[in-house]
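Chains as they are written, first to last, in this note's numbering: chain A, 0 to 288; chain B, 192 to 573; chain C, 536 to 737.
These are calculated hints, taken from the structure and not from any lab test.
None of the values given here were measured: they were computed from a predicted structure.
Using N, Cα and C, we set each Cβ at its ideal position, and we do this for glycine too.
Be careful, since some hints might not be right.
[Unchecked claim] Here are some of the chain C residues that sit facing chain B, going by a computed Cβ distance under 8 Å: (1) A594; (2) T617; (3) G620; (4) Q639; (5) Y641.
Given next are the chains, with one letter for each unit.
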Amino acid sequence: MSVVSTGDVSEKTLQTSDLIYKYMRPEHLPQIWCPGCGNGTIMRDVVQAIDNLGLSRDKTVIVSGIGCSSRAAGYMDFDTIHTTHGRAIAFATGIKLANPELEVIVIAGDGDISAIGGNHLIHAARRNIGITVVVMNNNIYGMTGGQYSPTTPTGDYGTTAPYGNLDRSFDIAGLAYGAGASYAARGSVYHVRETIQLIQDGIRNIGFSIIDVASICPTYYGRKNKKGSAVDMLKWQKENAVTMEQAARMTDEQKKGKLIIGVLRQAQYPEFTYQYARLIARLAKEREE
Amino acid sequence: MGKVVLMQGNEACVEGAIAAGMRLYAGYPITPSTEIAEISALRLPQVGGTFIQMEDEIASIACAIGGSVAGTKSMTATSGPGFSLKQENLGYAALAEIPLVVVDVQRTGPSTGMPTSPSQGDMMMARWGTHGDHPVIALSPSSVEETYRLIIRAFNLSEKYRTPVLFMMDEIIGHLREGVTLPEEGSIEIEDRLTVRFPDPKRKAYEIKSGRFIPKMAPFGKGQRYNITGLMHDESGFPTNSPEVAEKLMSRLMHKISDHYDDIVQYEAVGMEDADVMIFCYGGTMRAAISAQEELRAQGKRCGIFRPITIWPFPERELRDFAPRLKKIVVAEHNYGQMVLEVERIAGKYCPVEFVGKYNGTVLTPQDIAKAVLGQEEGKEA
Amino acid sequence: MSEKKKNTLLEETASAVCEKTPAKGGRMEMRLAGSGGQGVILASVILAEAAVIAGKYTAQSQSYGPEARGGACRAETLISDTSIGFTKVQDPTFLMTLTEASYQKYAKDLPEGCMLLADESVSSAASRSGAVILPILRTAKEKVGKAQCANIVAVGCINEMLHIVDRESLAKAVAMHVPSGTEKINLTALSEGEKLMQGVTA
Numbered sequence: 000m001s002v003v004s005t006g007d008v009s010e011k012t013l014q015t016s017d018l019i020y021k022y023m024r025p026e027h028l029p030q031i032w033c034p035g036c037g038n039g040t041i042m043r044d045v046v047q048a049i050d051n052l053g054l055s056r057d058k059t060v061i062v063s064g065i066g067c068s069s070r071a072a073g074y075m076d077f078d079t080i081h082t083t084h085g086r087a088i089a090f091a092t093g094i095k096l097a098n099p100e101l102e103v104i105v106i107a108g109d110g111d112i113s114a115i116g117g118n119h120l121i122h123a124a125r126r127n128i129g130i131t132v133v134v135m136n137n138n139i140y141g142m143t144g145g146q147y148s149p150t151t152p153t154g155d156y157g158t159t160a161p162y163g164n165l166d167r168s169f170d171i172a173g174l175a176y177g178a179g180a181s182y183a184a185r186g187s188v189y190h191v192r193e194t195i196q197l198i199q200d201g202i203r204n205i206g207f208s209i210i211d212v213a214s215i216c217p218t219y220y221g222r223k224n225k226k227g228s229a230v231d232m233l234k235w236q237k238e239n240a241v242t243m244e245q246a247a248r249m250t251d252e253q254k255k256g257k258l259i260i261g262v263l264r265q266a267q268y269p270e271f272t273y274q275y276a277r278l279i280a281r282l283a284k285e286r287e288e
Numbered sequence: 192m193g194k195v196v197l198m199q200g201n202e203a204c205v206e207g208a209i210a211a212g213m214r215l216y217a218g219y220p221i222t223p224s225t226e227i228a229e230i231s232a233l234r235l236p237q238v239g240g241t242f243i244q245m246e247d248e249i250a251s252i253a254c255a256i257g258g259s260v261a262g263t264k265s266m267t268a269t270s271g272p273g274f275s276l277k278q279e280n281l282g283y284a285a286l287a288e289i290p291l292v293v294v295d296v297q298r299t300g301p302s303t304g305m306p307t308s309p310s311q312g313d314m315m316m317a318r319w320g321t322h323g324d325h326p327v328i329a330l331s332p333s334s335v336e337e338t339y340r341l342i343i344r345a346f347n348l349s350e351k352y353r354t355p356v357l358f359m360m361d362e363i364i365g366h367l368r369e370g371v372t373l374p375e376e377g378s379i380e381i382e383d384r385l386t387v388r389f390p391d392p393k394r395k396a397y398e399i400k401s402g403r404f405i406p407k408m409a410p411f412g413k414g415q416r417y418n419i420t421g422l423m424h425d426e427s428g429f430p431t432n433s434p435e436v437a438e439k440l441m442s443r444l445m446h447k448i449s450d451h452y453d454d455i456v457q458y459e460a461v462g463m464e465d466a467d468v469m470i471f472c473y474g475g476t477m478r479a480a481i482s483a484q485e486e487l488r489a490q491g492k493r494c495g496i497f498r499p500i501t502i503w504p505f506p507e508r509e510l511r512d513f514a515p516r517l518k519k520i521v522v523a524e525h526n527y528g529q530m531v532l533e534v535e536r537i538a539g540k541y542c543p544v545e546f547v548g549k550y551n552g553t554v555l556t557p558q559d560i561a562k563a564v565l566g567q568e569e570g571k572e573a
Numbered sequence: 536m537s538e539k540k541k542n543t544l545l546e547e548t549a550s551a552v553c554e555k556t557p558a559k560g561g562r563m564e565m566r567l568a569g570s571g572g573q574g575v576i577l578a579s580v581i582l583a584e585a586a587v588i589a590g591k592y593t594a595q596s597q598s599y600g601p602e603a604r605g606g607a608c609r610a611e612t613l614i615s616d617t618s619i620g621f622t623k624v625q626d627p628t629f630l631m632t633l634t635e636a637s638y639q640k641y642a643k644d645l646p647e648g649c650m651l652l653a654d655e656s657v658s659s660a661a662s663r664s665g666a667v668i669l670p671i672l673r674t675a676k677e678k679v680g681k682a683q684c685a686n687i688v689a690v691g692c693i694n695e696m697l698h699i700v701d702r703e704s705l706a707k708a709v710a711m712h713v714p715s716g717t718e719k720i721n722l723t724a725l726s727e728g729e730k731l732m733q734g735v736t737a
């Protein structure tokens, strides 16, 4: 099933090699991710979205936490900061508060953002601070060797779930939506165009945005759960993805095992740093009077 | 002389910080440091700064580090349990060389302990709390006025040495109100971090030019486009597993503090000229020591006080100079015995070191200290 | 208590107060106690503020449990012409209690010569010789018209009793610490407090 784009991604997409020289740090490539890993594609999606939006390299900051995803920051030619496990959003909040002019993009993993960093995720969403979070969601802790994460489906295997995962799994975009994110969306590694569009829209949104991108981890999650090769895992995304619109017409039974992509919510709430600037201006005015 | 105003210790901490240039405060409420958050929330937007109440203690220090990375002088404050939670990111700031001030208004622990009771039980955590070896600067004020002046110094040291500075208060000073003589406008010396004049991505962000001891990277958003990481890194700011690079970095981080001992270490010696007994104390305990000393001097005892203002690095040279001519050192602190270990290590071979402490939520009185000096605890009459 | 007996008691305490009021320049260790929410901490802060305005040294602190309202609450103000070492009250020269519970907690073991001011509701204080007993809470409610001003009435009483600072410094200190818009009623409370004590010492 092919997925209809939720918006128009510019046809003028640069060749990957051009993107590398324009936005990456070639001296630090090749990256350390395993062959077939989805993270490289998502990193490229972010860079493409930045290019499409024409963001200034000098005014864009990439913040990451710890885990496979966190290595993305170092490969990208912006001001980049590789922080502590789970805390990327809290560091990003400080950067945005200190200089609201900056476009602050967090790249995080599923364990990073929804387990150890879950508290920061929900509160940044509630606060509607103007940062964009892109999640490389591969359903596993990859860097430490394949332990189950909060997004590992119930029953699936990990090195710490040798009898199958007993936990229920998180829907990260849904979680952020529930916490009040003004933009929450879900993309996938296979759906490159759609995901670039979602990231673009998330960056353009004034307020807290999250794009939960289904990544693939053939090395750990794929192997532990007999999902086949990287190509097989991509094929699965292609064949099982449905749009939000399509999902709206499906029963719960039909939606089971499907990858629902698209925008969960786009809403207008006052953004935190904007509100704070207004407070400062109000107090200054009161002092003058 | 400037104006004298009545201030609470926690309030002086905020006002001094603002005078030093603090424009971002990120915190989480915890007794007995909460007034620092409350007053920051009131005052920062008045001076164009930002206050944010984060979701937890870890987020608070992370946010403050983020603010500093973007070029804003940032602070977070907490008490015991919160200080425990901040330890990981404290190490991050030390390794990544991010200026930052962390205030700990100590309370009786461990665990939730006695939230409204004074303590000095976090002194060793200040030195060794985060994992791994790391440089540290910690200061401790003993009056409200000193709180105001010393927090300015905390920011200056943090900026100068690109390292987190720990401001170790205690409930005695945090909740005390006293008159504070404010410095005259324009008389406050402010240090700002060195940054590159022409930010250039080709320049190694952590490069150390000869004659310098810290890197001078630009704040984020100025076009330098560099990388910061909590991994061991080379001068370009990128991770490395090279033992040579790691060793060189660690050595520089430790030396940037130890080589500037004279600039960083401050202490106060009261009546030490002719003293044969020393009371060693710091922070709020100093107040009881002053009264004890008055009493002892009135009885003809030659008693002096040695008070480190800089706790870490420890003023060991000065203590070592005094120790050989003393009959005894009495270490007074509000814990089960922490800095006394350091005093024993340095002075123990020259004279006896005795300890008088409180760890039950009450304060050491001048009589407690005087008794220890006179040796009455052991039933001896001096 | 009969009106006559009361007057005799007041006269006795008045002379006691005059005798025991420390000479100017002496170190005062004052302890104010009451129930959380009565504003004794604020009263203690105002006395410290007044001391600073009058160019004296002061150290003010408080101790309290987890209750914001209702629990026993104690605040301390030290005032001296010379710098202050130990910041806690050890030998109080003055104690005020606004409630029976705080009297029970803090009035035992008072050192010789410590002056005591108690609200009339503190029934146990009557048996203590030299205690000054005044209708502080009632004055706030009835004369000032606002029960919350009792702490400021108390401040007026205390300063009139101990002559800590000049009236101008005290009024300035009150105005600095009460919520804006309530300065007038609080200054009335201060005057009523002073009058109450003048009734004793006159």
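A quick look at each hint next to the structure:
no., hint, result
1, A594, "6 Å, holds"
2, T617, "10 Å, violated"
3, G620, "3 Å, holds"
4, Q639, "20 Å, violated"
5, Y641, "16 Å, violated"
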